[in-house]
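S.K.: Letter by letter, the chains look like this.
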Amino acid sequence: MEPFGAVSPLGAVHEHVRAAQRGDPAALDALVRALAPYVTRVCGAIALDRGDDAVQETFIAVLRNIRQLREPAALHGWVRRIAVREAVRAARREAVPLPNGFEVAGPLPDLDAALDVRAALASLPPEQRAVLVLRDLDGLPEAQAAAVLSVPEGTVKSRLHRARAALRRALE
Amino acid sequence: MTALGRARWTDEVAASLSTLARARAIAAGIPGAGVAEAVYDLPFSEVWRRLTEFERSVPNADRLVGRLRVDHREALGDGVERIRLTAWTPLGLRQRFDVRLEPGFCLMGGRAYTVVMAAAPEPGDPARTRYVQVEAVPAHLGRLLAPLLRATVRGDVRGFARYLRSS
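Top line first, the protein sequences correspond to chains Z and L. Sequence positions in the first sequence follow the working numbering and run 1 to 172. Sequence positions in the second sequence follow the working numbering and run 1001 to 1167.
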């Protein structure tokens, strides 16, 4: 998926970054609009009902720290890291503890509506949703996903396996 | 994941970016920006219509603006307008602004001053409207003038409340 959409070519986004680092309000706003399609997907998929809060916290963190971004080409990876962190944090604020921690064990809760993606995702802990997003939205290799989440690569593999298995069961 | 399709499932659960969140984020990116919030006891459509009658609303609410004139309006599609306007202080100092106006969001950028206005229906209470305003000066002056900007933006938000009650 193109992180910034067809209307905002990367070159233009990089120009927005430079101007935003100088505190140009119109560039800050243009950057938000360019990043919004990507950030709203990441935050919604991980934080679910707290997704809107995660979007706001992500953009506040991105724009507050935009001057620390040395290379505009690194923008996507930097924003991805912030969005995942804020979305997991927001989801944890509301997360209903699963009986076995990160394990999805036994029958999945209320998945009669087999095509209800939200219900299927809600059966997973935020950390598993984050792995799904990084692998299936961003297409990151496991090693990079592990780096974003600051966990070992093996943890990414096991979380991904459990998440995909749970979703498959839910959606079949 | 084939049942969901690659990445398509994230469309089903995408979150949203409110105009209020957009304004707060912009404020976070400008050193020293002043931010004020209020809830007005009127529905969003009425608040937004009246606040964006700039030639009336701004001089009534902002003590630093004596007069304002809309010079040019241009529709950009999707409900977005580009506006050029000129404001004068009560002492006659002039500043031009380039404005991006959308439903619930307005960014007025001038050489020396920027104003962001954002509004949305109050969750669970559509008869009321939450309003966020941001005011900023160029970044190198922001920290120096931060206390002044905070006071000014609070005064302007109160000024809009008076204006909405009176008209």
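None of these hints come from the bench; they were simulated from the model. Yeah, the Cβ is synthetic: ideal placement off N, Cα and C, and Gly gets one too. Wrong hints could be hidden among the right ones.
[Unchecked claim] Where chain Z lies over chain L, by a calculated footprint (3+ residues, C-beta under 8 Å): (1) 1024-1031; (2) 1130-1140; (3) 1147-1159.
S.K.: Does each hint hold? Answer for all of them.
M.R.: Results for each hint:
Counting residues of the segment 1024-1031 of chain L whose beta carbon lies closer than 8 Å to any beta carbon of chain Z gives 7, which reaches the threshold of three, so the coverage claim holds. With a threshold of 8 Å between beta carbons, the proposed coverage of the segment 1130-1140 of chain L by chain Z holds, since 3 of its residues qualify and at least three are required. Proximity of the segment 1147-1159 of chain L to chain Z, defined as three or more residues with a beta carbon under 8 Å from a beta carbon of that chain, is not established by the 0 residues found.
Violated hint: 3 only; the structure is consistent with all others.
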